[in-house]
Amino acid sequence: MTIQSRRQFLATGAGLVIGLALPMQGRAQSGAAAVLTRDGVGPGTFAPNAFVRIAPDNTVTVICKHIEFGQGPFTGLATLVAEELDASWDQMRAESAPANDELYKNLFFGLQATGGSTAIANSYTQMRQAGAAARYMLVAAAAREWGVSAEEIIVEDGVITHAASGQAATFGDLAEAAAQQQVPVEPALKNPSEFKLIGTDRPKLDTVGKTDGTAMFTMDVYRDDMQTVVVRHPEVVGATVATFDDSEALKVKGVQAVRQIPQGIAVYATSTGAALKGRSLLTVEWDTSKAETRSSETIYADFSKAATRDAGVVVEEIGDSGAAIDGAETVHEVEFRFPYLAHAPMEPLDAVLEVRDGKAEMWMGAQFPGVDKGAVAQTLGIGGENVTLNVMLAGGSFGRRAQTSAQIGLEIAEIAKAAGGDGAWKLVWTREDDLTGGYYRPLTVHRMRAGLDADGSIVGWENTVVNQSIMLDTFMDQGNSEGKDPTSYEGSTKMPYDLPTIRVNWVRQQSPLSVLWWRSVGHSHTGYATEVFLDELLEMAGKDPVQGRLDLMKSEAGRDRAVLEKVAEIAGWDGTKVKGDRAYGVAVHESFNTYVAQIAEVSDVGGFPRVHKVWVAVDCGVAVNPNVIRAQIEGGVGYGLGTVLFNDLTLLEGGIVSQKNFDTYRMLRIHEMPEVDVAIINSVAEPTGVGEPGTPPIGPAVANAWRALTGQAVRHLPFETTGV
Amino acid sequence: MTNFTINGKDVTVDVEEDTPLLWVVRDELRLTGSKFGCGVAQCGACTMMVDGMPRRTCVTPVGSVNGAMIETIEGLEGPEAEAVTAAWQGLDVPQCGWCQSGQIVSATALLREVPKPTDDDIDAAMAGNICRCATYVRIRKAIHDAADAMEG
Ligand code: FES
Ligand code: FES
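Chains E and P, in that order, give the protein sequences. Position 100, counted from 1, in the first sequence is what the working numbering calls 100; the numbers after and before it change by one each time, with no gaps. Residues are numbered in the working numbering as their position in the second sequence, beginning at 1, plus a constant of 1000.
The following block holds chain P by itself, in its conformation from the complex (with noise of 0.2 Å):
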């Protein structure tokens, strides 16, 4: 048994404790925003915010986010992820979709960190997560219009 806090609700999974975190919140939560790139930490297609800080969880064991607080992208909230999706959709920034959101959960931890990225703070941030549609200048271009709409 392990339980977190996924999107505001306490759930209790049942599932053995090595599986990634990602196969439970797809196949037991039905939460199938968070996609499958890879496997093996180098697309960040699965990235969610576990306490705060993104992470990779086709490699994270649910069992290791017991008692965890746990953001999706179906549940992703607060002035950054407004203003992140709100310049996501304002300069079309998907083409087929699957990376975005992992895209969108690493843009909104950089802009809980870094309110005014540079284009240094975006590429670090930003690198573990691959577009093979390449939207990388529409990434870059919305991180920037967030940070410039949260400003005011």
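In isolation and in its complexed conformation, chain E is listed as follows (with noise of 0.2 Å):
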């Protein structure tokens, strides 16, 4: 192991992990999380890292690179460090860092970003490191207060001890002493056969404070002379305001100014009661020239046409499929319609911001930190470095606060801008905003085509996915895209199946209506294209849904293969698929290199599926909170399912966005929520993430039961657009 000074390390600046030391004023005034730590940073704490922060008190707090709305970063982290730390789980607490690009990156992405299931996984050796070298500190300092070698001291459960002297202490009891100690640049860490923490099931550090009332979400914040903002967006996304009359609203008791603003018109009040009814008694007339007008049934007409194969661009290509397709036994063609789809997170979206004296202090849920805060920075004209983002808990998101526009960002700051001078300001969005505010789901279609030989062989697969582009345009295409966005069409290539034939081509549509990750991404529409069309295809072969699958694999699927091998065992699969009155469909997608099997069990309940129960098995490496790993995969299917029965985000003649409110976006609820089992595969792969995989297999699932139990194939998302 090389040792540096601390000295040395800060001014070569290199490494990944012991970045800096953090300014000790400051971090913990946040007010970010603060419900999961509550003590401040005092005198005589020890922060070895960015990352690490041990108090007196013995308490151990991880700051948090990445966001918890629920996917459990938190404790996951925690988890990494306290293992290489030999931390007692008890001691242990988590907050979030405030946006910081340069120190809390996401090392996949080289800005301070959540998103694509990537947290355990960009943080697995980076939090390890941190614990480690946190370890090696105490350790170090243990070794000279007691006068022994630093390689006869045992750290177990928290407790530093040397036998032989019969020496023990805390972290605490040590932690001044260690923050004097060099820093070491590459600490050893554990054989994963040596983990304790790793692989077992941990409280999580969040479940506390969110059951008592205390977890401290954005919409929490309260701060002096603050004004609540409620704003009055178009129903058709992206139109402007040409008029409006405020007289009515500013009579409101409480209502203390409307200004206009290029998302809208802004209403400042006392209160949320006051501001909501504010904005209830505007009258705006909207400039609709520049936005979506198109319907999705025309879209969908439009789409459907653009979706032929030598459109757009291959993004796959292997022998010839056209010629294998025209020369097969049998040719099976279908198209798939997948609406736009809102994200719709519990905690609608919001901010607080508060301008005093040239600087600015923001509290908010957000997955690009560091770009909410930069447009804040620009829009009010003053540096970054006089902006401070409090990354706060969210109540969900799904993707939808990862904004490449900074969206919310953008938002409050023009509020403040048209308030001018200083003050403190809540932006709060009701459902109806969140509905109605655009960054959906693409609209995508698929267009397929497949060809079988006399034995029921596939000989060719085509694939035209169609749809807008994500990434395109934004600051996340680095300009080597060579016009290809994945998150357009990933998962409808690289399949786990040997098919000796393939083309997958893309055709980028534009619209105005702007589009965004929405938990899987295009795993969310190409897992069900894919898995349901090949379920046809076995079907009309005559094969079994699981064996035929299996037969298929690629020599190199070896995880795919496991994961259904084991979610067939665990279901009991026996070829069967109806008995009696349930039938049971089977389906199986990798996405964000995690692997997920599932196998559903549906009944005909008045015409319309009811999903009993649901098998799963999934390898996503270390399995380092199994008791996460399951929440995440009950959610995932949860989430899915709601989806592919009920939700279609609909865009009415004009561009109107039919839906807005849950009334009729409707959620699943708890009496359509089946059984979840889950089986995690034993592994020692560098972990992979859980917050998406669990979602694109459960719409296959229960179409191809669906399908067996009545014959009704399901293509045109959701189950109640297909007449189901």
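Keep in mind that the hints were calculated from the coordinates and are not lab data. Here the structure is a predicted model, which is why all the values come from computation and not from measurement. Please note that a few of the clues may not be correct.
Said to hold, decoys possible - Derived CB-CB ranges, DEER-like:
#	chain 1	residue 1	chain 2	residue 2	range
1	P	Met1069	E	Asn682	50 to 60 Å
2	E	Gln712	P	Ala1124	27 to 37 Å
3	E	Gln712	P	Lys1116	39 to 49 Å
4	P	Leu1029	E	Thr298	44 to 54 Å
Even glycine gets a Cβ: it sits at the ideal position worked out from N, Cα and C.
Could you use the hints to bring the two separately framed chains together as a complex?
Encoded structure:
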């Protein structure tokens, strides 16, 4: 192991792990997720790096560079640190890192970002190194204080001991002394076989605050003299204000001002109730000349027309699929349609901004906090160094808070700018703002064509994917995309199946309607299209859905194979698709390097599917916290199921969003939730994410069961739209 | 002026009578555990106990609760509340957490009425509480666990 002094280290600035010692003052005053730590940073606290803080009271706080909105990074990253630190789980705490793209960058993306199910994957080594460095320094401090050799010191369950001399100390006892020790550059890490915490269930660190009402979210932040602001947005996404009349709104007690901003008409009030009442009394005329005014129906028709095999860009090609299919015994050609979808996080979007004396402080649940912070700095015309963004716990996101365009950062900045001068503002979106606010999962058409030979073997497979791009023309498009946006078609290429000929092309469509990554991104539709289409082909060939898939799998698709075999085992699959009034459907789909297979048990209740049980096998590499993994799979299944059954964010004639609240944009409810039985594959591979991969397979598994039960193929989602 | 008792404390608020109780409790009383999810009685995030009954406070005008006894997540008490909270923690029910105050209030109300609920009882009592993170498997189990714990 190399040793550098802290000074040398800082001077060279090298290394991934021990970035910078955090400035102690001001770290915890952010209020961000404060409920999880409560105690601020006091004297004698040991902060060996930007990720770990050990206080004299013996608590170890992990500063989490990923936003916590339910997927478990607080617990997951803390587990990684605690493992290498040999901490006791009881002493672990977590809090959000503030916006700082340099210090807290996602190592896969190069900026501070949560998304793509990468929190554990990109942090696995980094957080273990952070913990190992802290442990090294604590041991060095103990060795020095006790005058013994560091090699003879043992750390276990949060206690540092030297058996020969009978010395023992807690981390808290040694925090101050440890802070004086040299920072190791490449601390040795444990071999996975030595793991004690990783791989076992741990209670989540954010649970208690979320059961007693104390967890602090953005909407719970109140500042002195703060105004609550609601904005009347257009019901046609992208429309702008033509004229407005605020005379009635201004009469409402508590309404203090009404301003036009680029996003709409902002109502400033002393309370949320007054702001909402004021907004309801506004009269606004909208200019829709730059908005998407086609209906979903027209867009489907346009996309369908564009779905030809020679259009767009070829994104995967193996052999001559055209000739193979033309010469096939049987040709199967179908179209799948996937609607726009809203993320509908339970906490509608919101932000708090306070501007005092040329400095701004923000509170919000941002997945790209540096982007929102930059938008505020730019709009207000102050340097980025004058803006602090406290990343808050957020009530769900599913991709919605990952804004390349800084939608919310910009809106609250415009609110502050229009108000002028110093002040504090809380922007609150309602559910209506959320559902009509754009940034939907792209409406997508898949046109699929395949050929079977006389034996029922697939000789050719073609898939034309038509939709808007999420990434091209944003800053995420690094200029080397060659006109391809994998987030539009990921999962339709590199399938685990060994097919002799394949052709996948992507046809990009343009629309002023904003689109965004939605839990599992491209996989949210490609998983469905590929696994339903394949299942139809296996059925046509008279093959078993499980064995048929296994027989097709490439030799290198060992992990796909293993999850499929595992799920068949736990579901007791015996090749019978229908037993009594229940049918069973299968799907397997890898996303974000996590492999998931599901079998759904479905019955027909009044002509609509009722999903009773879902068996899931998941391989996400090292299972850092099986409890969190199971929770994410359960949640991912429920999220995906509600979507395929009910959800279609529909544009009506003129582009008006049809669904404005949960009465028409239906969420899955408790009586519709199946039992979920999760098996996690034992693995020592590097861990991968679980926030998204549970979602793609549920739709096709249910559709395949439903087709087995009723003969009805569901190719236009949701089920309700197909007329199920 | 509206008077009511909240979590055992008498309060008087001077707000327009048609203001939804949720916003009064959050903005004026600064009890922020009760959440806003829809504003139209569809999601249950704003559920509080009003005179012993779970109510969607996003559509409850504050003027209508004059003299009422209100309990929020912050002040929920009694054996059922304790059992529910303990079960919720034991199973790590929350994901994002936004819906959970409402879920816990509804579950507590259920157990006060039906000490040993069946799955159907749970469906009936909890169907008004949406969880977008779909923590429903654990919500159901936690309610059964809480009932078992109370039975001894
Ligand atoms: S906020 Fe009251 S029911 Fe949704
Ligand atoms: S825990 Fe996120 S909405 Fe229920």
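Evaluated hints:
{"no.": "1", "hint": "P:Met1069 to E:Asn682: 50 to 60 Å", "result": "holds (53 Å)"}
{"no.": "2", "hint": "E:Gln712 to P:Ala1124: 27 to 37 Å", "result": "holds (30 Å)"}
{"no.": "3", "hint": "E:Gln712 to P:Lys1116: 39 to 49 Å", "result": "holds (40 Å)"}
{"no.": "4", "hint": "P:Leu1029 to E:Thr298: 44 to 54 Å", "result": "holds (49 Å)"}
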